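Trainee: Residue-level listing of the chains:
Protein chains: 2
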Amino acid sequence: MATVAVLGTGVVGSSWALVFARAGYDVRVFDISESALAATTTFVRQALGDLTKEDLAGPDPIDVVMARLHTTTDLAAAVVGADYIQESLPERVELKRSFYVTLDELVSPLTVIGSSTSGLPASSFTEGLRNAARCLVVHPINPPHLIPLVEIIPAPWTEASAVERAVVLMRDVGQSPVTLTREINGFLVNRLQSAVLGEAFRLVEDGVCDVDAVDKAIKDGLGLRWFFMGPFETIDLNANQGVSEYCRNLGPMYENLAREQADPRSWSPQLVAKINAAMRAATPMEKLTEKRGWRDRCLASFVSAKKRVLGARTA
Amino acid sequence: MATVAVLGTGVVGSSWALVFARAGYDVRVFDISESALAATTTFVRQALGDLTKEDLAGPDPIDVVMARLHTTTDLAAAVVGADYIQESLPERVELKRSFYVTLDELVSPLTVIGSSTSGLPASSFTEGLRNAARCLVVHPINPPHLIPLVEIIPAPWTEASAVERAVVLMRDVGQSPVTLTREINGFLVNRLQSAVLGEAFRLVEDGVCDVDAVDKAIKDGLGLRWFFMGPFETIDLNANQGVSEYCRNLGPMYENLAREQADPRSWSPQLVAKINAAMRAATPMEKLTEKRGWRDRCLASFVSAKKRVLGARTA
Chain A
0 MATVAVLGTG VVGSSWALVF ARAGYDVRVF DISESALAAT TTFVRQALGD
50 LTKEDLAGPD PIDVVMARLH TTTDLAAAVV GADYIQESLP ERVELKRSFY
100 VTLDELVSPL TVIGSSTSGL PASSFTEGLR NAARCLVVHP INPPHLIPLV
150 EIIPAPWTEA SAVERAVVLM RDVGQSPVTL TREINGFLVN RLQSAVLGEA
200 FRLVEDGVCD VDAVDKAIKD GLGLRWFFMG PFETIDLNAN QGVSEYCRNL
250 GPMYENLARE QADPRSWSPQ LVAKINAAMR AATPMEKLTE KRGWRDRCLA
300 SFVSAKKRVL GARTA
Chain B
0 MATVAVLGTG VVGSSWALVF ARAGYDVRVF DISESALAAT TTFVRQALGD
50 LTKEDLAGPD PIDVVMARLH TTTDLAAAVV GADYIQESLP ERVELKRSFY
100 VTLDELVSPL TVIGSSTSGL PASSFTEGLR NAARCLVVHP INPPHLIPLV
150 EIIPAPWTEA SAVERAVVLM RDVGQSPVTL TREINGFLVN RLQSAVLGEA
200 FRLVEDGVCD VDAVDKAIKD GLGLRWFFMG PFETIDLNAN QGVSEYCRNL
250 GPMYENLARE QADPRSWSPQ LVAKINAAMR AATPMEKLTE KRGWRDRCLA
300 SFVSAKKRVL GARTA
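Chains as they are written, first to last, in numbering that gives the first Met the number 0: chain A, 0 to 314; chain B, 0 to 314.
Any given hint could turn out to be false.
For identical chains, the list gives no copy identity; a pair is met inside one copy or between any two copies.
Simulated crosslink set (EDC-like; lysine to aspartate or glutamate; CA at most 20 angstroms straight-line) [claimed, not checked]:
1. Lys273 to Asp205
2. Lys273 to Glu285
3. Lys306 to Asp295
4. Lys306 to Asp262
5. Lys306 to Asp54
6. Lys273 to Glu244
7. Lys286 to Asp211
8. Lys273 to Glu254
9. Lys306 to Asp211
10. Lys306 to Glu259
11. Lys286 to Glu244
12. Lys273 to Glu204
13. Lys273 to Glu93
14. Lys290 to Glu244
15. Lys52 to Asp62
For the record, the hints were derived by calculation from the structure and aren't laboratory data. None of these values were measured; they are calculated from a predicted model.
Please construct the entire structure, taking both the sequences and the accompanying hints into account.
Mentor: This is how it looks when you write it as structure tokens:
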């Protein structure tokens with residue numbers, strides 16, 4: 000694959016444009032709005048400038064990367080002949096459905112179309128399309144130019160070869176693709192996040208601890224391991240004989256906890272107000288944008304450090 | 000507080016000895032076994048050598064830190080006059096109960112006694128003791144000399160001032176203490192881990208994805224944020240107007256997921272065997288010890304990098 004089309008240039012689409020261009024691909028960037036396209040170009044140049052060459056910017060000078068971006072408001076010009084399309088439209092199923100119908104007339108049967116949707120299964124907007132077998136979800140964690148994980152979820156009618164091509168492409172651009180065997184609510188990432196948030200909200204609602212204690216339990220505790228080892232890898236090292244022994248020793252405890260945690264709740268306005276008060280006391284509303292910039296600069300530093308350390312220390 | 004007693008010198012107690020000595024405290028290290036004490040001394044020297052001065056070793060030369068360790072097999076010599084006691088005996092309630100009865104005769108009413116237990120509430124082994132009001136759980140994540148989080152859980156009869164003194168001491172030695180208002184199964188850390196493991200095991204059992212996909216979803220995705228931001232801080236940045244807007248937009252989705260996830264299961268031998276097979280294919284049993292060393296060296300590098308980056312970048 001050599002030519003990629005990035006359709007829709009919000010926060011996610013703009014970061015995707017950087018991912019593909021950094022990896023050496025020609026990137027056609029489509030949006031209906033000229034100003035959105037201009038903002039994407041500005042964003043990519045700025046973000047590349049923030050990253051150092053040794054870190055996550057890739058090996059090429061900024062101008063070489065920028066020259067690979069071709070913005071257009073003409074959908075046909077973006078997608079005709081593209082080997083891969085990354086669609087990042089707003090999360091409205093009717094909008095996506097009608098857009099995919101238009102797309103279906105333009106693309107060749109060789110093109111794979113990945114949707115950045117975080118919640119809509121591809122089956123909800125690709126049924127009956129001529130190219131439905133090459134449509135699937137390719138969901139990043141925002142922003143993909145800093146966070147490598149991508150979850151790939153085929154619709155029931157997606158061809159295995161389309162899944163495989165998406166996986167190969169994602170690896171080639173430096174992302175970390177994982178594949179689900181079928182569509183499931185929340186996919187993988189939001190299901191794991193849901194498990195943590197459900198317990199976090201419950202503990203605060205029940206007065207067991209405050210908001211800050213939950214955040215610290217992750218960022219000063221569990222998150223330090225999960226930065227470079229998944230939950231299975233983590234427990235595998237926590238018993239002499241590995242995960243089997245761990246499960247033998249602690250399975251009953253976790254089963255008891257799981258029973259206590261099988262207590263789904265809605266997030267009440269009172270609870271949300273309490274959490275919001277804690278967050279706003281720590282970071283006033285007008286500082287949120289600034290804090291997002293801080294988060295992304297920190298992420299870039301940490302992901303770079305991780306590459307360097309893991310590259311130097313093989314397990 | 001100036002003198003700390005570390006009782007029990009397994010993996011956890013040995014790391015605690017390092018934590019207190021590195022911070023400048025005189026540390027009396029007690030174990031019934033001379034060889035265990037010798038192993039602790041060796042461990043602390045080795046671990047300090049692995050850490051650089053700029054990193055997590057603390058400001059003092061290794062010999063100065065080592066001179067603060069006083070090993071003994073005489074319990075009275077360890078605890079009489081100690082300002083704080085960190086107990087890290089094996090996780091058997093009868094053993095702890097009889098040990099605390101002995102301790103109760105020796106310690107002054109000024110001494111706070113924290114237990115490293117990961118699962119036993121302090122109420123299960125301190126009821127009726129003369130010093131019960133100064134006993135509580137001070138549970139680290141292993142190893143505490145690399146992972147700062149400590150969860151502090153009072154028994155119903157623990158005095159507020161004892162909790163406060165434990166919090167102040169933990170901060171003083173560079174740990175990150177969080178306090179629970181009451182005893183609860185799994186405390187905070189294992190409840191959050193349980194939520195993640197429950198969903199991880201379920202997804203693999205249901206064939207949605209494989210073991211490696213779950214691990215990558217954390218270490219290449221969610222864990223990159225959770226390394227330096229808790230779950231509340233994370234979602235607070237994921238909507239323009241912060242956590243209130245996030246909950247308004249996504250609360251219903253998470254409530255649906257929570258209902259699907261309210262499905263407690265025991266970890267079947269077949270499922271554990273499947274997960275074990277995946278883990279052993281990646282890391283053979285005989286390489287587990289080596290991998291634990293790799294984990295700890297990586298942890299040290301990452302925690303150091305985190306201190307440096309967050310020190311340089313205030314939010």
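Trainee: Indicate, hint by hint, whether the structure satisfies it.
Mentor: Each hint, compared with the structure:
no. : hint             : in the structure
1   : Lys273 to Asp205 : within (12 angstroms within a copy, 36 angstroms between copies)
2   : Lys273 to Glu285 : within (19 angstroms within a copy, 49 angstroms between copies)
3   : Lys306 to Asp295 : both (16 angstroms within a copy, 16 angstroms between copies)
4   : Lys306 to Asp262 : neither (39 angstroms within a copy, 37 angstroms between copies)
5   : Lys306 to Asp54  : both (8 angstroms within a copy, 19 angstroms between copies)
6   : Lys273 to Glu244 : between (41 angstroms within a copy, 14 angstroms between copies)
7   : Lys286 to Asp211 : within (18 angstroms within a copy, 38 angstroms between copies)
8   : Lys273 to Glu254 : between (30 angstroms within a copy, 18 angstroms between copies)
9   : Lys306 to Asp211 : between (29 angstroms within a copy, 19 angstroms between copies)
10  : Lys306 to Glu259 : neither (39 angstroms within a copy, 36 angstroms between copies)
11  : Lys286 to Glu244 : between (47 angstroms within a copy, 16 angstroms between copies)
12  : Lys273 to Glu204 : within (9 angstroms within a copy, 37 angstroms between copies)
13  : Lys273 to Glu93  : neither (35 angstroms within a copy, 41 angstroms between copies)
14  : Lys290 to Glu244 : between (42 angstroms within a copy, 17 angstroms between copies)
15  : Lys52 to Asp62   : within (13 angstroms within a copy, 41 angstroms between copies)
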